[in-house]
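Asker: Take a look at the letters that make up each chain.
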Amino acid sequence: MEVERLAAALAERFGVKARVERDGGLTVPCSAADLAGVCETLFTAYDCAFAGLIVEERDGWTLRHLFYSERAIIRVVSRSDRPTFPSISARMHAADWHERAAEDLFGIAFSGHPRLGEFVLHEQWPEGTNPMRRGFDVRRPSPRPDAAAGWAPPRVLHAPGAFSMPIGPIFSGVEESVHFQLETVGEEIVRVIPRLFYNYRGVEAIARGRTIAAVLLLAERFTGTASFAHATAFSRAVEAACGVAVPVRAARLRAFIAELERLRHHTAAIHGICSSTGLAVAASQAAILEEELLRLSAGLTGHRYLFGLAVPGGLRRDLADDDCRRAAAEAGAIARRLEGLERSLARSSSFLDRLEQVGIVTADEARRYGLVGPVARASGIDRDLRVILPYGGYADLGLRVAREEEGDGYARLRVLFAEARESARLLTALADGLPDGSVSAPIQPRAGEGLGWVEAPGGAAVHWVRLDDDGAVAEWRILPPSFANWHGFHLAAEGFAFQDFPIILATFGLAAAENDR
Amino acid sequence: MSRWVLAGLKTGIVTTGYPREEESAPGVTPGRPRGGEVADPAKIVARCPSGAISAAGGGVVIDRRRCVHCSACRGDLPWEETYEWATVAAAESGLGRPFRGSLHVLVVDAGSCGACLSEVRQLNNPYYNMHRLGFFITPTPRNADLMLVLGPVTAHMHRALRVAYAAMPGPKRVIAVGTCAASGGVFGPSFAAGSGAADAVPVDVVVPGCPPPPLAVLHGLLVAAGRKEGAG
Numbered sequence: 001m002e003v004e005r006l007a008a009a010l011a012e013r014f015g016v017k018a019r020v021e022r023d024g025g026l027t028v029p030c031s032a033a034d035l036a037g038v039c040e041t042l043f044t045a046y047d048c049a050f051a052g053l054i055v056e057e058r059d060g061w062t063l064r065h066l067f068y069s070e071r072a073i074i075r076v077v078s079r080s081d082r083p084t085f086p087s088i089s090a091r092m093h094a095a096d097w098h099e100r101a102a103e104d105l106f107g108i109a110f111s112g113h114p115r116l117g118e119f120v121l122h123e124q125w126p127e128g129t130n131p132m133r134r135g136f137d138v139r140r141p142s143p144r145p146d147a148a149a150g151w152a153p154p155r156v157l158h159a160p161g162a163f164s165m166p167i168g169p170i171f172s173g174v175e176e177s178v179h180f181q182l183e184t185v186g187e188e189i190v191r192v193i194p195r196l197f198y199n200y201r202g203v204e205a206i207a208r209g210r211t212i213a214a215v216l217l218l219a220e221r222f223t224g225t226a227s228f229a230h231a232t233a234f235s236r237a238v239e240a241a242c243g244v245a246v247p248v249r250a251a252r253l254r255a256f257i258a259e260l261e262r263l264r265h266h267t268a269a270i271h272g273i274c275s276s277t278g279l280a281v282a283a284s285q286a287a288i289l290e291e292e293l294l295r296l297s298a299g300l301t302g303h304r305y306l307f308g309l310a311v312p313g314g315l316r317r318d319l320a321d322d323d324c325r326r327a328a329a330e331a332g333a334i335a336r337r338l339e340g341l342e343r344s345l346a347r348s349s350s351f352l353d354r355l356e357q358v359g360i361v362t363a364d365e366a367r368r369y370g371l372v373g374p375v376a377r378a379s380g381i382d383r384d385l386r387v388i389l390p391y392g393g394y395a396d397l398g399l400r401v402a403r404e405e406e407g408d409g410y411a412r413l414r415v416l417f418a419e420a421r422e423s424a425r426l427l428t429a430l431a432d433g434l435p436d437g438s439v440s441a442p443i444q445p446r447a448g449e450g451l452g453w454v455e456a457p458g459g460a461a462v463h464w465v466r467l468d469d470d471g472a473v474a475e476w477r478i479l480p481p482s483f484a485n486w487h488g489f490h491l492a493a494e495g496f497a498f499q500d501f502p503i504i505l506a507t508f509g510l511a512a513a514e515n516d517r
Numbered sequence: 518m519s520r521w522v523l524a525g526l527k528t529g530i531v532t533t534g535y536p537r538e539e540e541s542a543p544g545v546t547p548g549r550p551r552g553g554e555v556a557d558p559a560k561i562v563a564r565c566p567s568g569a570i571s572a573a574g575g576g577v578v579i580d581r582r583r584c585v586h587c588s589a590c591r592g593d594l595p596w597e598e599t600y601e602w603a604t605v606a607a608a609e610s611g612l613g614r615p616f617r618g619s620l621h622v623l624v625v626d627a628g629s630c631g632a633c634l635s636e637v638r639q640l641n642n643p644y645y646n647m648h649r650l651g652f653f654i655t656p657t658p659r660n661a662d663l664m665l666v667l668g669p670v671t672a673h674m675h676r677a678l679r680v681a682y683a684a685m686p687g688p689k690r691v692i693a694v695g696t697c698a699a700s701g702g703v704f705g706p707s708f709a710a711g712s713g714a715a716d717a718v719p720v721d722v723v724v725p726g727c728p729p730p731p732l733a734v735l736h737g738l739l740v741a742a743g744r745k746e747g748a749g
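Residue numbers (the working numbering), protein chains in the order written: chain A, 1 to 517; chain B, 518 to 749.
Watch out, some of these pointers could steer you wrong.
As the list claims (entries may be wrong) - Looking from chain A toward chain B, a few residues come up when the C-beta cut is under 8 Å (computed):
| id | residue |
| --- | --- |
| 1 | R115 |
| 2 | L116 |
| 3 | G117 |
| 4 | G173 |
| 5 | E290 |
| 6 | H303 |
| 7 | F307 |
| 8 | L491 |
The set of hints was computed from the structure by calculation and includes no laboratory data.
A virtual CB, placed ideally from N, CA and C, is assigned to each residue, including glycine.
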C-alpha cells in the first residue's frame, strides 16, 4: 500500500489533506466529525494495523490515532479545545479500551461510547480523578481504604443456574495480580470479565518533568520480562525526537540482545503452557532451559533480565564479538533442546488434547480487536514490526515470520516454538556479522516529539515522547502489546470449559505489569 | 508416558548445592556495586539515577533499599558477584523450632514488574528446587507461614495484601522481595504506588535487588525460617 494512494483515497472520500512525511509516513489532519470514518477506512478498507491512541493536553487537546502498514506509519490527528471527542469504537472495536483508558486517565468524554467509567482507576478513587491531566499532583498519596470493595461486574448473566466465579487478584501460586469474573451456567464459561490494573503504578504520569535517564529506568522496569524491548523503544523515541541516528554496531547489538530476550521470553511462555497442563517433566525441561538462558544473559550483559544496557543513542557499553559468538552458540544449543521438547510434546496426545481446538481466536476476531504478536500470528495475521517497519539492525536478515491458521492454543504454542527457533538463527547471523565501530552516539536533547517502536516478545510496542526545552521528558506514552491482547483475551476463553481456563490464559502469554503500566 | 520418565532420568540432577555449599556458576546473580573509599565521590553520587549512593567520609555508601543495580556506576565502584543479600528488618525474625522443617509460602504480586515474580518462579525449577529445603508455594493465605511481597504496593493492591495477611494464621513472617517492596523503588512513593511492603504489612526480612536472583530470595526464606544469618 503506497501512502500516496492512501492519501488520495482519503482526500477523495473525506476531503482531508494528508501530508506525506520525510520518514515515508502519513499525517492525516482530521476533524472530529470525520474521525470515525477516516479511522474505519484505514482499519477496515485498507487493512492498516491500529497501534493505539495517544492523547496530549497541550494548547487544547490532541488525539493521535496511530496506524501502520507496509513501511509507513499513519497518524490521524484530531484537535479540540475541550476534552470532548466522538467515540469511534463502535466502528473500530480495537479503539475500545484506548478510549476507556483515556476517559479514565485524562477525563475525555467520548460521546457515544457504551461503557465509560471505572477502568484503569478502581472504585476507591474519588470521582473526577484524572492523573494524566496537567496539574495533577502525582506525589500526593491516593486513598487506600481498608473497607470492602464495592466492585461488581457491569453486567451479570441471567439464566437458570447461572453463577459467577471470582478469581484473583491473589491466586494460585506465583502469578501476577489480575481479577477474573467467570460467568457460567455449569461447565462452560459464558462470559469472561477481566479486571486489570492492580499493578497500575502510573509510570506515564510520574515520568513528567523527569530527566531522560530517570524515565529510562521506568521504561526498563515497568515490565521486567520485556525490559530490553521497552527500553529500546523508549530510546528510539528519544533518538527520533533529537534527530540522532545510532551507530550501526549499536543497532546490530540491540537486535542481538532483543532476540536473546525473545528466546528467553518464549521459553518462559512455553514453560508456562507445559505447567498449566500439569505435564511436570516437560515443564521442568522448559524451566531448565529458561534458567540457562537467564544465566547466559547475565554472563553476557551482567543482568539476567538485560536491564541497564539500552540507552538513548545506543548501548551503555560494548560487548565483545567473541562473547556474542559464544553466547549465540550456547543459545543455539539451547534452542536445539527446545526443538527436542517440541517433538516430544507433539507426540503426547494427552497434552495435545488440552490445546487443540481449545481457546480459539479466529482471524476475523483477531483483526477486529487489533491483536498483535505471537497471538495474532497464530490466528493467521503475520504482522511483525521487524518486517513491516524494519528498524535498527533487522535489515537484510531475511526474517521468517511464523504463522499458523487455527488460532487455538496449539497454534499459539507452535508459533512460540517457531519464533524461538528463528531467534536462535538470528543470534548466530547477527553475531557472525557484527560491524566495527562505536556503540553510542551523543544525545543533544532538544524540544520535540518522537516515536519509537519495536517488535517486543509479546508483539508491537510503541513509545512516544515529547521533550521540553530543557531536554526533560514532558510527555511519555506507552502502547504495549499486552494492552491489545488482554482486550481480546475473553474471545479465547468464552465457550470453553472451566478447566481449560488456566491453559488458555497460559497460551496467551500476557503480562499484567506491561498492560497496567 | 514412559518417554517423559526417560527424558527426566536422562537429564540427571542439576540442582545447586546451596545452602550446603556456595554456588559459583556464572550468571546466577547480576551482582551489585559495593561502597567504600573512592577518588571522586561527588561524580559517582551525581551519576546514580535512583539516588541510592551518597557520599560519606571520603567514600560512598549505598542504600541497598534504593539501589536497582542499573550499572551506571559500573567501572567506578567494585562489583560484587554475591547473592546472600537478605537483611533482618524486625527484632524477631526466625520462626522458631517448630517451623524449621516445612514452610508454606504465599506470593503476593503487589505491583511488581514481573522480573521479581519470574525469579521467585525459578525457585521451583530444577536448578533451585526449593522443595528439597521444605519450602512450598501455597495458593491460599490460610495455609501460609510466610508471605513474599513483591512490588511497591500499588494503591489497587493495598487492600488485597492486607486482607491476605490478616487471613494467615500466626505465627507468620513477611519477606519484602526486591527494591520496590523494600522502598517503593523507581515507582514509589507516588499517587499510585506505595513506598514498599512495610506501608501495608509488618516486614520481617528484606531481600533487596532489582530483581534479587533466586538464590537471594532463597537466602531470605532461610533467614525468615531462622536457618541462616541475615546479611550485615
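Asker: Give a verdict on every hint.
Answerer: Against the structure, the hints come out as follows:
For the restraint placing A:R115 at the interface with chain B, the shortest Cβ-Cβ distance is roughly 20 Å, beyond the 8 Å limit, so the hint is violated. At a threshold of 8 Å, the smallest CB-CB gap from A:L116 to chain B is about 19 Å, leaving the interface hint violated. For the restraint placing A:G117 at the interface with chain B, the shortest Cβ-Cβ distance is roughly 16 Å, beyond the 8 Å limit, so the hint is violated. Satisfaction of the interface hint for A:G173 is found here, the shortest Cβ-Cβ separation to chain B being roughly 5 Å, below the 8 Å cut-off.
With a cut of 8 Å, the hint placing A:E290 at the interface with chain B holds, because the nearest CB-to-CB distance is about 7 Å. Taken as an interface hint, A:H303 checks out: its beta carbon lies about 5 Å from the nearest beta carbon of chain B, inside 8 Å. Annotation: interface hint on A:F307 holds; nearest CB of chain B at approximately 7 Å, less than 8 Å. Taking 8 Å as the C-beta contact cut-off toward chain B, the hint placing A:L491 at the interface is violated, the least distance being around 24 Å.
Hint compliance for this structure: hints 1, 2, 3 and 8 are not met, and every other hint is.
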